[in-house]
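A.B. asks: With the sequences and hints as input, model every part of the structure.
In terms of numbering that gives the first Met the number 0, the numbers along the sequence shown are unbroken and rise by one, the last being 329.
Derived by calculation from the structure, the hints in this document are not laboratory data. Glycine included, every Cβ here is placed at the ideal spot set by N, Cα and C. Treat the hints with caution; some may be incorrect.
[What the hints assert, rightly or not] Cut-off 25 Å, straight-line C-alpha distance, at most; resulting in silico cross-link-like pairs (DMTMM-like, lysine to aspartate or glutamate): (1) 258 - 136; (2) 175 - 195; (3) 175 - 102; (4) 258 - 246; (5) 258 - 294; (6) 258 - 115; (7) 258 - 290; (8) 175 - 197; (9) 273 - 128; (10) 175 - 280; (11) 273 - 148; (12) 258 - 123; (13) 175 - 128; (14) 175 - 148; (15) 273 - 123.
[What the hints assert, rightly or not] Distance ranges between label pairs, derived from CB positions: (16) 113 - 229: 50 to 56 Å; (17) 242 - 175: 33 to 39 Å; (18) 157 - 264: 43 to 49 Å.
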Amino acid sequence: MKRFPVLCASPGVSAGLLVCLGFLSAAGSLLPPPRAAAFAGSPLFSLLCALLFLNLLLGVLLPGSRAPRAVLMRLGAMLILLGGFVGARAGMRGRVQLYPGQEVRAFDDGKGGSFDPGFSLRLDRFAVERYPGGALELGISVPGAEGMELYRVRIGRWTGPEGLRVLPLRYIPDFKVAASGEIVERSASPNNPALEVEVRAGGETERGWLLARFPGFPPLGLSRTLRSGRIVFLDRGSERVQSYASEVTILRDGAPAAKGRIEVNRPLRIGGWKVYQSTYDRTGWQWSGLEFVRDPGVPLVYCGFALLALGVTLWTARGGPGEEDAWTPR
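C.D. replies: Right, dumping it as C-alpha cells:
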C-alpha cells in the first residue's frame, strides 16, 4: 500500500496520461467548434487532467528526483493544468454583432443565455480595407458611338470622348445623404461608392454625383449635360479583404468612459475583459462581430510556461538528463 503513491508519481504514469490526453485532443480537434469545446470539458478529459495533476504533485512532494530543473518542470506543468481548470470554471466568453451607432450591454454567452460585463459598448465606426489591384472606371456612351467606352478614373484629370468630358473630383467609398441633402461619407468601407464629377457637354458644365451601386439611377445634378449621353460609374476594387477594425466607445452608467480600436490580433482590454475582432459582414460590410473573453486562469498558465521553460533551459544547459534527474523514490 505504501508503494501505491510512489507508483502514481512515476514518470511512466505521466507519460501514459500525456499520451491519452494527446489522443483525446487530436480526436477533439476533428469535431466542429461547439462540440470540440464540449469535448474538452467532458468528464473523461477532466479526469485525465486531474490524474496528471496528482501525478505531478506527488512527484514534487515524495522523495525522488529533487533536481531543481525537474521540480521546476513539474511545477510549471501543474500551473498550466491549474490555469486551464480555473479558466474553464470561472472564465466567460460571449459574442455580439453590432452596426455602427448601435450600443449593447448584454452579450450572448453561446449557451442560450446572456451576461452583463459591467459596461456598455458602442460601435462608432467599422472599417474594411481591401487589397489594391482593383480600379475605378467610367463607362461613357455618346450618340454615334458603338457601345460604351471605359475610362480609368483619375481624380483631378479630365477624361472621356470629345463632346462629353468628365473631371473626377472626389471619391467616397460609402456615402449617405445627410438631412441637408448633402452627400457625406458614412464609413471607409466600400459599401456604397459614389464619385463627384464635373461634366462638360453641349457648351454646358455641371457638377454632380455618380453612384456605383445604382447604375440605372439618374446621376445626381447632371440633368442638362447628359441629355444625349450616358455615364456609368464602375467600382472594380478588389474584393479581397486586407484588414478590418472596429472603433468603439466604452460607457459606464451611460457616460463615455474610454475609446478604443479593435483589430484582428489586437484586442481591447477593459478591466479583466478582452474584446476581440472575430468576424464581420462579408457581403455588405455593414456590421462587426466582436468576442468578449474573461479568463482568470491565463496568469497561472503564463507562470506555468515560464517555470517550464526555465526548467527545460537548466536541463539543456547541463547537456540533458543526469543521474540526479532519475526518478529514484525512497
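A.B. asks: Next step is simple, just say for each hint if it's right about the structure.
C.D. replies: Status of the hints after comparison with the structure:
As the CA atoms of residue 258 and residue 136 are separated by approximately 38 Å, the hinted pair breaks the 25 Å bound. Pair hint residue 175 plus residue 195 holds up; C-alpha atoms about 13 Å apart against a cutoff of 25 Å. Proposed proximity of residue 175 and residue 102 is supported: the alpha carbons are some 21 Å apart, at most 25 Å. As the CA atoms of residue 258 and residue 246 are separated by approximately 7 Å, the hinted pair is consistent with the 25 Å bound.
With a CA separation close to 22 Å, the supplied pair residue 258 and residue 294 stays within the 25 Å bound. Between residue 258 and residue 115, the direct Cα distance comes to roughly 19 Å. Compliance with the 25 Å bound is thereby established for this hinted pair. Pair hint residue 258 plus residue 290 holds up; C-alpha atoms about 17 Å apart against a cutoff of 25 Å. A hinted pair counts as satisfied when its Cα atoms are at most 25 Å apart, and residue 175 with residue 197 qualifies at roughly 20 Å.
At roughly 23 Å between alpha-carbon atoms, residue 273 and residue 128 fall within 25 Å of each other, so this suggested pair holds. Between residue 175 and residue 280 the CA atoms are separated by roughly 19 Å; this keeps the pair inside 25 Å, and the hint holds. For the given pair, residue 273 sits about 52 Å from residue 148 by alpha-carbon distance, which is inconsistent with the 25 Å threshold. With a C-alpha separation of about 9 Å, the suggested pairing of residue 258 with residue 123 holds against the 25 Å cut-off.
With a C-alpha separation of about 19 Å, the suggested pairing of residue 175 with residue 128 holds against the 25 Å cut-off. Under the criterion of a C-alpha separation no larger than 25 Å, the hint pairing residue 175 with residue 148 is inconsistent with the structure, at around 28 Å. A threshold of 25 Å between alpha carbons decides the hint, and for residue 273 with residue 123 the separation of about 18 Å falls inside it, so the pair holds. A C-beta distance of roughly 52 Å is found between residue 113 and residue 229, which places it inside the suggested range of 50 to 56 Å.
Between residue 242 and residue 175 the CB atoms are about 23 Å apart, so this pair departs from the stated range of 33 to 39 Å. A beta carbon spacing of about 44 Å between residue 157 and residue 264 agrees with the range 43 to 49 Å that was offered as a hint.
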